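Student: Chain residues, written in single-letter form:
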Amino acid sequence: MAEYSVFSLLRNAFSGSPDWKPAWRKPDPKPSYDVIVIGGGGHGLSTAYYLAKEHGITNVAVLEKGYLGSGNVGRNTTAVRSNYLLPENIRFYEHSMKLWENLSHDLNYNVMFSQRGVLNLAHTPAQLDDLARRGNAIVHSGADSVLMAPAEIKRLMPGIDISGTARFPITGGLMQWRAGTARHDAVAWGYARGADRRGVDILENCEVTGFIRDGDRVVGVTTTRGEIRAKKVAVAVAGSTGHVMNLAGIDRMPIESHVLQAFVSESLKPFLDTVVTFGMGHFYVSQSDKGGLVYGGDLDGYNSYAQRGNLPIVEEVNSEMLALFPSLARVRVLRSWGGVCDMSMDGSPIITTGPLPGMYLNCGWCYGGFKATPASGWCFAHTIARDEPHELNAPFTLDRFHRGILIDDKGVGSTPRLH
Amino acid sequence: MLITCPYCGPRDVSEYTYQGDGNRTRPDPASTDQEAWNAYIYDRLNPRGEHHEIWQHSGGCRAHLKVTRNTLTHAISSVGFARDAGHRKSDGHRKTGAQA
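For the protein sequence lines, the chains are A and B, in the order given.
Residue numbering for the first sequence follows the numbering used here, starting at 1 and increasing by one per position.
Residue numbering for the second sequence follows the numbering used here, starting at 1001 and increasing by one per position.
Chain B on its own, in the form it takes in the complex:
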């Protein structure tokens, strides 16, 4: 399985670390809504087909990527930066890759 990193090009899956399901939304850290936290931590969409997920190119440029991959065929239909999809908001104060 090859994942095409926006910076580094197509690289083997062994260079990447799977960060899991990208369909989850982390509640506001100040939230005390038990049910929202439980759902975030334990519940998964787990579809058979197109799946939005987060990978890190840990053996390369270390960028966090949002990948759309088919769980039945392993075909990857899109790769983008996770931050563009609204993930890892805590990193938002950093420069984007293009500016860095």
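Chain A with its partners taken away, still in its complex shape:
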């Protein structure tokens, strides 16, 4: 398998690129594996990668219903951060951040992780107090966070409207400098290549149609490419969690699937070199290396498995962008799309053994799954290999809802569209 380096790049650049090989094989399914991971998104691929790398389990198949990178791993707005309030979340996402910081090197694949900072804006004194409290919690837990005054923010992003006459005047913001963005497709491709070269079979166009049971125990799956058996079946299907668990006979979950839209504008000259989020609504924007503004806002707000949304949110998100950056009024939207998010009842994920014997479950990422990709796979691999959660994902159980130990970072309760 090709190693990527500046020398291989130069050699291929001057020789018409004869040496590049496919980054992963296209194998046929074997009749059985040690572990099947359902879902070839970022989390499924990173799970397979860490199963092979950290636990030596290489007889693994990753089942992807479409092509690799066709789901949320290629549909998110690429922000990576660890600025959570609750200790369970900070520890987990900070672990993810540390994996991000070494990911390109670890994978020998440039995921273009750019620690350009993520700034959350406040628009009232009370909101600024709340951000200060959050910042203190973050710093206390060992991650980084710093409050910024409006003048500093203006220096950082000259296009922003900090005037007192703005619709929602800016009183300050909370910056995490180590946060940033990563090239989302490269994350999928890098993990796929890393898993493949360690012996993992990545089976594309292989949709799970049912589970094979031996009594209570899950012993394999039926797919559009035939029956595949496994000692352990791991589910990491994000927005399709409800559907796939239904195939396993579990019809009710603490999850609702919702559609989240995202947008890219036409290419602009360098305009914004951090990620910024609006505090008087739900809006976030960054500028990609190609120059397009990558931005999004709230969910559409109703149950949906459709990877497309409706126009009211398009209008709302764009109006929020103009509230922050009036100068963008004549910039055109290039593309918009939708992804299906697995909204949990407390806004925090589920990484656990079960709920059936032989099954492992990874879901509930709401619309924050991309930043969690490395730690999610790392913890899920540990959970699958050892049959018990790692300390970092031990709080993220499925039964925490019925036991009353929720991890509700935003404090909005069991209305998943609000998380």
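These are calculated hints, taken from the structure and not from any lab test.
Treat the hints with care, since some could be wrong.
To be verified - Partial selection, computed: residues in chain A whose CB lies under 8 angstroms from chain B:
(1) G242
(2) H243
(3) D251
(4) R252
(5) P254
(6) I255
(7) E256
(8) S257
(9) G301
(10) Y302
(11) N303
(12) S304
(13) A306
(14) N310
(15) H402
(16) R417
Said to hold, decoys possible - Calculated Cβ distances over 12 angstroms to all of chain B for the following chain A residues:
(17) S17
(18) P125
(19) A126
(20) P150
(21) K231
(22) K290
Nothing here was measured: the structure is a model prediction, and the numbers come from that model.
Built from N, CA and C at the ideal position, the CB exists for glycine as well.
Once you have looked at the hints, place chain B on chain A.
Tutor: Quick look at chain B alone, frame taken from chain A:
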């Protein structure tokens, strides 16, 4: 997405407020069955396909509606009053819309 309100006719989704999953049954308020309350509050059917849900025409006549909508295509197959489906029983002492 248009929802056809029985009173107001087809109106844009922005006039409506989503009240969520209509498949849940609220336990009797006097019930102390912890498991029934937990299931009501936290568990969802979340089907890929036909979904029964409650919407309020909050930007119009304010009626609570029971809507059957396909979550994969967003096609709406039926709209009726939520009270006719047995929801919002606490409002039962009020006159129906036709009498009001």
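Student: Would you mind marking each hint as holding or not holding in the structure?
Tutor: Here is what the structure says about each hint:
1. Below 8 angstroms, beta-carbon pairs count as interface contacts, and G242/A has one with chain B at about 3 angstroms; its hint therefore holds.
2. At a threshold of 8 angstroms, the smallest CB-CB gap from H243/A to chain B is about 4 angstroms, leaving the interface hint in force.
3. Given the 8 angstroms rule on beta carbons, the hint for D251/A holds: about 6 angstroms separates it from the nearest Cβ of chain B.
4. Restraint check, R252/A versus chain B: the minimum CB separation of about 4 angstroms is within 8 angstroms; hint holds.
5. A cut of 8 angstroms between beta carbons decides the hint on P254/A: the least distance to chain B is about 5 angstroms, and the hint holds.
6. Hint on I255/A holds. Least Cβ distance to chain B is approximately 6 angstroms, under the 8 angstroms limit.
7. At its closest, the beta carbon of E256/A sits 5 angstroms from a beta carbon of chain B; the interface hint therefore holds under the 8 angstroms criterion.
8. Below 8 angstroms, beta-carbon pairs count as interface contacts, and S257/A has one with chain B at about 6 angstroms; its hint therefore holds.
9. Here the hint on G301/A is kept, as its CB sits about 5 angstroms from the closest CB of chain B, short of 8 angstroms.
10. Checking Y302/A against chain B by beta carbon gives a least distance of about 5 angstroms; that is within 8 angstroms, so the hint holds.
11. Checking N303/A against chain B: minimum C-beta separation of about 5 angstroms stays under 8 angstroms; hint holds.
12. Taking 8 angstroms as the C-beta contact cut-off toward chain B, the hint placing S304/A at the interface holds, the least distance being around 5 angstroms.
13. The beta carbon of A306/A comes within 6 angstroms of a beta carbon in chain B, closer than 8 angstroms, and the hint placing it at the interface holds.
14. Against a cut-off of 8 angstroms between C-beta atoms, the interface hint on N310/A holds, since the closest Cβ of chain B lies about 5 angstroms away.
15. Checking H402/A against chain B: minimum C-beta separation of about 4 angstroms stays under 8 angstroms; hint holds.
16. Because the smallest distance between the Cβ of R417/A and any Cβ of chain B comes to about 7 angstroms, under 8 angstroms, the interface hint for this residue holds.
17. Listed as a non-interface residue, S17/A keeps its Cβ farther than 12 angstroms from every Cβ of chain B; the least gap is roughly 41 angstroms.
18. Residue placement check: P125/A keeps its beta carbon more than 12 angstroms from all beta carbons of chain B (closest about 30 angstroms).
19. Every CB of chain B lies more than 12 angstroms from the CB of A126/A, the least distance being 26 angstroms, so the non-interface label holds.
20. Against chain B, the non-interface label of P150/A holds: every CB pair exceeds 12 angstroms, the least being about 32 angstroms.
21. The claim that K231/A is not at the interface with chain B holds, since no C-beta of that chain comes within 12 angstroms of its own (minimum 28 angstroms).
22. The beta carbon of K290/A sits about 31 angstroms from the closest Cβ of chain B, which is more than 12 angstroms, so the claim that it is off the interface holds.
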